[in-house]
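Student: Residue strings, one per chain:
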Amino acid sequence: MERVKVLLEDHEIPRQWYNIQADLPRPLRPPLHPATGKPVGPDDLAPIFPMNIIEQEVSQERWIDIPDEVLDKYLLWRPSPLYRAKNFEKLLDAPVRIYYKHEGVSPAGSHKPNAAIPMAYFNRVAGTRRMTTETGGGQWGSALSMACQMFGIECRVYMVKVSYNQKPYRRMLMNVWGAECIPSPSDLTAAGRKILSETPDSPGSLGMAISEAIEDAVTHEDTKYGLGSVLNHVLLYQTIGGLEARKQLEKIGEYPDVVMGCAGGGSNFAGISLPFVRDKIHGKNVSVVAAEPSSCPSLTRGPFAYDFGDIAQMTPFLAMHTLGHDFVPAPIHAGGLRYHGMAPIVSHLLEERLIEARSYNQLETFEAGVKWARTEGFVPAPETNHVIAAVVEEAMRAREEGKEKVILFNWSGHGLIDLSSYDAFLSGQLAPYELPEEEIERALRVIKAFPKP
Amino acid sequence: MGANGEAVTGPKVSLDGFVFFSKCYVMKEKYDKLQCRCPRLGHEVAFSYCRQESGVMPCQRIIACWGVLIPVETWLKAEMPAEQWDLFCRQEPEDKLTTLVDLVGKARKVQD
Numbered sequence: 012m013e014r015v016k017v018l019l020e021d022h023e024i025p026r027q028w029y030n031i032q033a034d035l036p037r038p039l040r041p042p043l044h045p046a047t048g049k050p051v052g053p054d055d056l057a058p059i060f061p062m063n064i065i066e067q068e069v070s071q072e073r074w075i076d077i078p079d080e081v082l083d084k085y086l087l088w089r090p091s092p093l094y095r096a097k098n099f100e101k102l103l104d105a106p107v108r109i110y111y112k113h114e115g116v117s118p119a120g121s122h123k124p125n126a127a128i129p130m131a132y133f134n135r136v137a138g139t140r141r142m143t144t145e146t147g148g149g150q151w152g153s154a155l156s157m158a159c160q161m162f163g164i165e166c167r168v169y170m171v172k173v174s175y176n177q178k179p180y181r182r183m184l185m186n187v188w189g190a191e192c193i194p195s196p197s198d199l200t201a202a203g204r205k206i207l208s209e210t211p212d213s214p215g216s217l218g219m220a221i222s223e224a225i226e227d228a229v230t231h232e233d234t235k236y237g238l239g240s241v242l243n244h245v246l247l248y249q250t251i252g253g254l255e256a257r258k259q260l261e262k263i264g265e266y267p268d269v270v271m272g273c274a275g276g277g278s279n280f281a282g283i284s285l286p287f288v289r290d291k292i293h294g295k296n297v298s299v300v301a302a303e304p305s306s307c308p309s310l311t312r313g314p315f316a317y318d319f320g321d322i323a324q325m326t327p328f329l330a331m332h333t334l335g336h337d338f339v340p341a342p343i344h345a346g347g348l349r350y351h352g353m354a355p356i357v358s359h360l361l362e363e364r365l366i367e368a369r370s371y372n373q374l375e376t377f378e379a380g381v382k383w384a385r386t387e388g389f390v391p392a393p394e395t396n397h398v399i400a401a402v403v404e405e406a407m408r409a410r411e412e413g414k415e416k417v418i419l420f421n422w423s424g425h426g427l428i429d430l431s432s433y434d435a436f437l438s439g440q441l442a443p444y445e446l447p448e449e450e451i452e453r454a455l456r457v458i459k460a461f462p463k464p
Numbered sequence: 002m003g004a005n006g007e008a009v010t011g012p013k014v015s016l017d018g019f020v021f022f023s024k025c026y027v028m029k030e031k032y033d034k035l036q037c038r039c040p041r042l043g044h045e046v047a048f049s050y051c052r053q054e055s056g057v058m059p060c061q062r063i064i065a066c067w068g069v070l071i072p073v074e075t076w077l078k079a080e081m082p083a084e085q086w087d088l089f090c091r092q093e094p095e096d097k098l099t100t101l102v103d104l105v106g107k108a109r110k111v112q113d
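First to last, the sequence lines map onto chains A and B.
Residue numbers for the first sequence follow this note's numbering, so the first one is 12 and each next one is one higher.
Residue numbers for the second sequence follow this note's numbering, so the first one is 2 and each next one is one higher.
Bound conformation, chain A alone:
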């Protein structure tokens, strides 16, 4: 019988997090204060984060001890199992051995508690009585709700209203774990009231919810704010997953050729990969791949020459392309790894060519996720499907090259609360809109007849 799971005993859990800032070939550029243009300092962050967390945010120490109180909570589900995806390997029929770190076994069903628990703990140590945060679909909000409950901290989560209405189960989870979940925009903050006065039926956005959570933290005594991704200390906490995975692979005499994770804000990807990026910095031959949403073939389509400035053609020959046809609006056309929602550490590693990014559109990711569920059984979170699509592509490359590869990836969460997303995919609601290409080509031909600049 071949081994499917690699387990670590409780006592084998890593006792320190890994801080990649100590090993970066070039240091991160400091973020600049929007008002002064000077580097952001601890005092700028003190209204929302306790000092012990701010110290971790800027720390250059390679290893940071995990407090026993945090380890006690981690041990509820950690060390998480490392699986070999043998059924998926068979389906792919490629010369690959695929290992995945199952982070769906946490109480909240994802990797998010790896960061939420130390965040709540360090806040409690610093005397925080109450925490606020924002959430979209609710993965982070529910993880922080659970962590705050564990350490006796009150928690208020501002949940984007459209998500609040659409994702009731994670909202319920937050309530079960004792948190208050508020649809944003709300009338509890000046920011929310302003939005509601202008747009009473606003469906909300992450930007609005962050504004509310920050304002709540700044204007209430003993209240701090928690962010579930992007920041250095969050990535630091997540490295527990990659450190465990390295130990587990060592146990069976394996080392990955490729390490993969999906990259939304960067915490899940960083968690599995940073310990291996360290190996790479020190000479190990390992590829590290971030799978992000989403590539867009339409971006390379032919440009307009002239266009109408308004639909009714009142200004028929207004030149719209003041940026020029070849201009690529970077923040829009670039993938997530280069947009502001991505962790600076991850963006920096990309610039340093220590990692690479690959994009996958939602249709191919759901296809990969469904294949996974039908072979390995576990239903992946839709975010996790991005990395599964990357694994499929990597396996196909290995087959083409006739090269054996060991692939490790972060199976970052289960999709049992996201079944409506699978339903949307399986019922064709996410399918491409019919006949748009012909329609656009015809329109381009029409516009071609107009004068050129």
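You may find that some hints are simply not true.
25 Å max Cα-Cα, derived DSS-like pairs, lysine-lysine [to be verified]: (1) B/Lys110 with A/Lys49; (2) A/Lys205 with B/Lys107; (3) B/Lys34 with A/Lys49; (4) B/Lys97 with A/Lys172.
Here are the in silico distance ranges between beta carbons for each label pair [unchecked claim]: (5) B/Lys110 with A/Pro41: 38 to 46 Å; (6) B/Lys34 with A/Asp83: 42 to 50 Å; (7) B/Pro82 with A/Ser70: 44 to 52 Å; (8) A/Lys414 with B/Lys110: 33 to 41 Å; (9) B/Lys107 with A/Ser70: 24 to 32 Å; (10) B/Gly106 with A/Arg37: 48 to 56 Å; (11) A/Arg37 with B/Leu88: 16 to 24 Å; (12) B/Lys107 with A/Ala137: 42 to 50 Å; (13) B/Lys110 with A/Asp76: 33 to 41 Å; (14) A/His293 with B/Leu88: 40 to 48 Å.
Looking from chain A toward chain B, a few residues come up when the C-beta cut is under 7 Å (computed) [said to hold, decoys possible]: (15) Pro41; (16) Pro42; (17) Ile225; (18) Gln373.
FYI, nobody ran anything at the bench for these hints, they're computed from the structure.
Positions of the beta carbon are idealized from the N, C-alpha and C atoms, including for glycine.
Use these hints to put chain B onto chain A, whose structure you have.
Tutor: For chain B alone, coordinates are given in the frame of chain A:
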């Protein structure tokens, strides 16, 4: 009549354009109901949400997310006034920490 007595066909191009842009309205109606997974929120949202996510502006990721499903870039160019399209393309978002510090400053003003 034209110089040689032929019918003037100039408006035909404009008529085609009008037909196209009229179709934009129809497409908008259809697009608004389409669903796409939002990588920021973590669930499906309708196109109508993405095109107004930031109030007057569409979400910055609208092209990246929707491009595979519908010709969203072309549609946006047709729908948005030139200045707004320029503004949309020129957006340079700040990094997260800078955004947080900015929000702290705003919240402090509320507190004061």
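Student: Each hint needs a verdict: does it hold in this structure or not?
Tutor: Hints and how they fare:
{"no.": "1", "hint": "B/Lys110 with A/Lys49", "verdict": "20 Å, holds"}
{"no.": "2", "hint": "A/Lys205 with B/Lys107", "verdict": "13 Å, holds"}
{"no.": "3", "hint": "B/Lys34 with A/Lys49", "verdict": "45 Å, violated"}
{"no.": "4", "hint": "B/Lys97 with A/Lys172", "verdict": "22 Å, holds"}
{"no.": "5", "hint": "B/Lys110 with A/Pro41: 38 to 46 Å", "verdict": "25 Å, violated"}
{"no.": "6", "hint": "B/Lys34 with A/Asp83: 42 to 50 Å", "verdict": "49 Å, holds"}
{"no.": "7", "hint": "B/Pro82 with A/Ser70: 44 to 52 Å", "verdict": "48 Å, holds"}
{"no.": "8", "hint": "A/Lys414 with B/Lys110: 33 to 41 Å", "verdict": "59 Å, violated"}
{"no.": "9", "hint": "B/Lys107 with A/Ser70: 24 to 32 Å", "verdict": "28 Å, holds"}
{"no.": "10", "hint": "B/Gly106 with A/Arg37: 48 to 56 Å", "verdict": "30 Å, violated"}
{"no.": "11", "hint": "A/Arg37 with B/Leu88: 16 to 24 Å", "verdict": "34 Å, violated"}
{"no.": "12", "hint": "B/Lys107 with A/Ala137: 42 to 50 Å", "verdict": "24 Å, violated"}
{"no.": "13", "hint": "B/Lys110 with A/Asp76: 33 to 41 Å", "verdict": "39 Å, holds"}
{"no.": "14", "hint": "A/His293 with B/Leu88: 40 to 48 Å", "verdict": "46 Å, holds"}
{"no.": "15", "hint": "Pro41", "verdict": "9 Å, violated"}
{"no.": "16", "hint": "Pro42", "verdict": "4 Å, holds"}
{"no.": "17", "hint": "Ile225", "verdict": "4 Å, holds"}
{"no.": "18", "hint": "Gln373", "verdict": "5 Å, holds"}
The structure does not agree with the numbered hints 3, 5, 8, 10, 11, 12 and 15 stated previously, though it agrees with the rest.
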